[in-house]
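Residue numbers (our numbering), protein chains in the order written: chain A, 1 to 301; chain B, 1 to 322; chain C, 1 to 341.
One or more hints might be untrue.
To be verified - Subject to a maximum C-alpha distance of 25 Å in a straight line, what follows is the list of computed SDA-like cross-link-like pairs (lysine to any residue):
(1) C:K261 - B:Q202
(2) C:K85 - C:M59
(3) B:K268 - B:A245
(4) B:K110 - A:N214
(5) C:K85 - C:P110
(6) C:K261 - B:S184
(7) B:K109 - B:G158
(8) C:K131 - C:E150
(9) C:K270 - B:D224
(10) C:K270 - B:N239
(11) B:K109 - A:R203
(12) B:K267 - C:T188
(13) B:K268 - C:E150
(14) B:K248 - B:K304
(15) A:K190 - B:A296
(16) C:K270 - B:L199
(17) C:K261 - C:E139
(18) C:K123 - C:I133
I should point out that these hints are in silico values taken from the structure, not numbers from a laboratory.
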Amino acid sequence: MAQAETGMHPVIRGETAAKKKSRIVQFARLLMKSPTGMIGFLIILGFVFFGVAGAWVSPYDPTHTEFSKKLLPPMTDGHILGTDQLGRDMLSRIIHGTQISLIIGVTTVFFAGTIGTVIGIITGYFRGWIDTVLMRVVDVQLSFPFILLVLIINAVIGAGLRNIIISLVIAGWVVYARIVRSEVLALREKEFILSCEATGVPRWEIILKHILPNLLTPIIILSSLQVATFIIAEASISFLGFGVQPPQPAWGNMLSEGKNYIFSSWWLITFPGLAIVFVSLGVNFFGDWLRDVLDPQLKGK
Amino acid sequence: MQTKPLLEIKHLKKYYNIDQGWFKPNISVKAVDDVTFQVYKGETFGLVGESGCGKSTTGRTILRLNEPTSGDIRFEGQDISQLPYPEMRKLRRKMQMVFQDPYASLNPKKTIRQILTEPLRVHGLYTPEERVQKALEILEIVGLSKYHLDRYPHEFSGGQRQRIGIARAVILRPELIIADEPVSALDLSIQSQVINLLLNLQKEFNLTYVFISHDLGVVQHITDRVGVMYLGKIIELANTEDLFAAPKHPYTKALISAVPVSHPSEKKERIILTGDVPSPVNPPAGCPFHPRCPEAMDKCRSEKPPVVQLDNNHTVLCHLLA
Amino acid sequence: MSTNRTPILEIRNLKTYFDTAHGEVKAVNGIDLKIYEGETVGIVGESGCGKSVTSLSIMGLLPKPLASIKEGHIYLGDKDLTKLKDKQMRKIRGNDIAMIFQEPMTSLNPVFTIGQQLSEPLKQHTKLGKKEIRERIIEMLNLVGIPRAEAIIDEYPHQLSGGMRQRVMISLAMLCKPKLLIADEPTTALDVTIQAQILELMKKLKAETQMGMLLITHDLGVVAEVCDRVVVMYAGQVVEDTDINRLFDSPQHPYTRGLLKSMPKHNARKSLLNTISGSVPTPNELPVGCTFAPRCPDAFDKCWAKRPSLFDLGNQLSRCWLHEKEDAEGGSHANEAVTRD
Chain A
1 MAQAETGMHP VIRGETAAKK KSRIVQFARL LMKSPTGMIG FLIILGFVFF
51 GVAGAWVSPY DPTHTEFSKK LLPPMTDGHI LGTDQLGRDM LSRIIHGTQI
101 SLIIGVTTVF FAGTIGTVIG IITGYFRGWI DTVLMRVVDV QLSFPFILLV
151 LIINAVIGAG LRNIIISLVI AGWVVYARIV RSEVLALREK EFILSCEATG
201 VPRWEIILKH ILPNLLTPII ILSSLQVATF IIAEASISFL GFGVQPPQPA
251 WGNMLSEGKN YIFSSWWLIT FPGLAIVFVS LGVNFFGDWL RDVLDPQLKG
301 K
Chain B
1 MQTKPLLEIK HLKKYYNIDQ GWFKPNISVK AVDDVTFQVY KGETFGLVGE
51 SGCGKSTTGR TILRLNEPTS GDIRFEGQDI SQLPYPEMRK LRRKMQMVFQ
101 DPYASLNPKK TIRQILTEPL RVHGLYTPEE RVQKALEILE IVGLSKYHLD
151 RYPHEFSGGQ RQRIGIARAV ILRPELIIAD EPVSALDLSI QSQVINLLLN
201 LQKEFNLTYV FISHDLGVVQ HITDRVGVMY LGKIIELANT EDLFAAPKHP
251 YTKALISAVP VSHPSEKKER IILTGDVPSP VNPPAGCPFH PRCPEAMDKC
301 RSEKPPVVQL DNNHTVLCHL LA
Chain C
1 MSTNRTPILE IRNLKTYFDT AHGEVKAVNG IDLKIYEGET VGIVGESGCG
51 KSVTSLSIMG LLPKPLASIK EGHIYLGDKD LTKLKDKQMR KIRGNDIAMI
101 FQEPMTSLNP VFTIGQQLSE PLKQHTKLGK KEIRERIIEM LNLVGIPRAE
151 AIIDEYPHQL SGGMRQRVMI SLAMLCKPKL LIADEPTTAL DVTIQAQILE
201 LMKKLKAETQ MGMLLITHDL GVVAEVCDRV VVMYAGQVVE DTDINRLFDS
251 PQHPYTRGLL KSMPKHNARK SLLNTISGSV PTPNELPVGC TFAPRCPDAF
301 DKCWAKRPSL FDLGNQLSRC WLHEKEDAEG GSHANEAVTR D
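In isolation and in its complexed conformation, chain A is listed as follows (with noise of 0.2 Å):
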């Protein structure tokens, strides 16, 4: 977008193009030196595949019930991670439950970082009347516990996947909202600002070309963030029943159906469990991998 304008000089465009490539060389050896980075990476990795391919890989069909192989333990008859209650592979239903928690992660983080990001920057850019109206309204629902908030929200609503990601983005676009309009108030006295509003540059080209692109590093790194936030707020909602309904494998209802098995068959609770840290733990060492990387403040010398 902003090098729309060079787009005319294919000399220049080559050179921007193997800055881009030299960056991405940069990147990789910068996370060859982090050890938690690099293990973030590769949960991220694993989790993307597996959303993505989830269905040609699992070894079963997640909802095929077969009662005569109910509550198997792990590493008997074929099952690696053992069955559930009705006899349904566990391996198939953690691979077929990344898939729910991939779209989870993705779409909210996309619409309530979409939305938060508009409403930070017009509220900071502008300030005035409607800053001091949405800021309350940030205010009043941060004061909410934010899992309470999105029962809420789903009482009302109601049930199902939609809907899980429309009470998320409700109650998680503040926090970007927060964010972003502190660094558009930071970014707006910056000199380089002043000088574009001095220089006669169109506001809504200041907005878009000068401090969207200053805003990208702070909200990368703070989505990198929410994504592990997002994917273990889906997985409390549908363990409490409001998310994503059985017979459809969620990590959360998988929790759910299998706490009543706790003592007695443990791998029914263990696995999913293990899968929600190990991918929101995953996602945290890399976004504090990106945040020490892109943060101009932590790089120094």
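Fit chains B and C to the supplied structure of chain A, relying on the hints for placement.
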């Protein structure tokens, strides 16, 4: 000497309200408090003063980067203090700004090509090819070369960045440039280069400068007339030579005497002011300078000083000369 | 004037290098410096010339894994500071050597009162009782010209203005009566009228004590005000070392000459200033020969080929091949003083 001023500032005020929270009265900070001066075509007008005196706010308010609280800003005879945003934006072509910090005044994510062609583009001047041509010309003029066109700001030294900042301001061929401490952040050996660049550009494009600085040595060198600011007011205004040769206001006298000597054997009659600049939130009654003034009288504590006109367009805000 | 006394501080061939992502940076590359009792020595130079790294090397306050002293000695009396352990160094800091910094706003801790902060070095280095400490602090605050010292001692830093805070910093440095005071750009962050106050104070302290002072600054005016002797640094090396009057009357190194000529005061009003062309080199682009050669108006073949050493011109040292040339042409009798490099 000159006839019509290019820029005419009359009773300009810029107050900031500090929100004290609900149910508490707002405090207002008088950053610029009734400032009046004219700038003529082709001259360099200096604004000097210590930190917090309102010189930068004055500069930014003239360009409407801050909205003035009240007062007139006349540019080429037109009052621009209330001009709506779209017209003001077009007018910005004629009035530009150079900033202090060369590390903060260029967008780190843009190449020099983008930084220099943007002003032309947003004002709809020239074709894209011509804009690049203009950018190359201006780079040459400010002492950089075409090889620098596709670099990013972080690849340049402070002095080079300031040259780019100046190029960005000059590329629109403005009438007026407000330069806010343009050399303060630079190394000693680079300062003189940038001062020379400003002098050369002025000659070449017949530019008018408002030069804001705390460095009296630089101000004495580069300006034609100077306004000395203290707590939001211009307390003395005169031709630069007159002001430095024979300052009239006690504050100006102290300020000039406080400049370090330029040779160790130089002996200076020094007026050491006691205390610090008071906060503009709660400025002293009467003359704002009276608590530090070595010549303060009873009158200064209660009555606002009058504007005293002396010979040669020298004005002073002081009871002593009334 | 000070040739027969032993110096308080002597730096011999100090080399402080930084280990960065772009390789080794020679921030200080072999400097020599002596400070005698009662003498004020100025280190002048532009950003990146190594003047601040020199002061941090003396104080033992280099950012640890990043920077280290690679070579050379720093003698305080007969102690070599480069050989001391952290614990021994802590006894010297604040007691024998004290330092004041550029930013008076950030160099005091906002959560402690002035009195609490000032009593710290006295508790560390003396065995005074509580009451004596308080008396000593008030006496010192009065000495540095702080009004209402009895009240200010119980106030917090944010209640003081910038000038007052710098006075507090100076009193903090002076409390243990150090032999050497290092002032790193002490007036740069201050307004002109406040700078004049602080410079007056420094001159007064200088007259009243036998303390040696090392003043680090980029401002030749400040140097002219308070220094007895000046060391000009460029790209990690000393390029000129002389007394204050000679520096202003007959500067020898082309860099010093260029700096002085570029001061607005030394040029006709509204005229173009004399300048030094080019920009300050970054440490990784230093040339093989003289570091100043790319910007020097007088550079000749030898300057590009070989780095010059310091030439002794009698009470004046200058790192420039021109002196050798003049000598060969039958001019003054310049001697190579230091042969290293």
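Hints, one by one, checked against the model:
| no. | hint | result |
| --- | --- | --- |
| 1 | C:K261 - B:Q202 | holds (23 Å) |
| 2 | C:K85 - C:M59 | holds (12 Å) |
| 3 | B:K268 - B:A245 | holds (14 Å) |
| 4 | B:K110 - A:N214 | holds (11 Å) |
| 5 | C:K85 - C:P110 | violated (30 Å) |
| 6 | C:K261 - B:S184 | holds (18 Å) |
| 7 | B:K109 - B:G158 | holds (17 Å) |
| 8 | C:K131 - C:E150 | holds (13 Å) |
| 9 | C:K270 - B:D224 | holds (9 Å) |
| 10 | C:K270 - B:N239 | holds (13 Å) |
| 11 | B:K109 - A:R203 | holds (18 Å) |
| 12 | B:K267 - C:T188 | holds (22 Å) |
| 13 | B:K268 - C:E150 | violated (34 Å) |
| 14 | B:K248 - B:K304 | holds (17 Å) |
| 15 | A:K190 - B:A296 | violated (41 Å) |
| 16 | C:K270 - B:L199 | holds (8 Å) |
| 17 | C:K261 - C:E139 | violated (44 Å) |
| 18 | C:K123 - C:I133 | holds (8 Å) |
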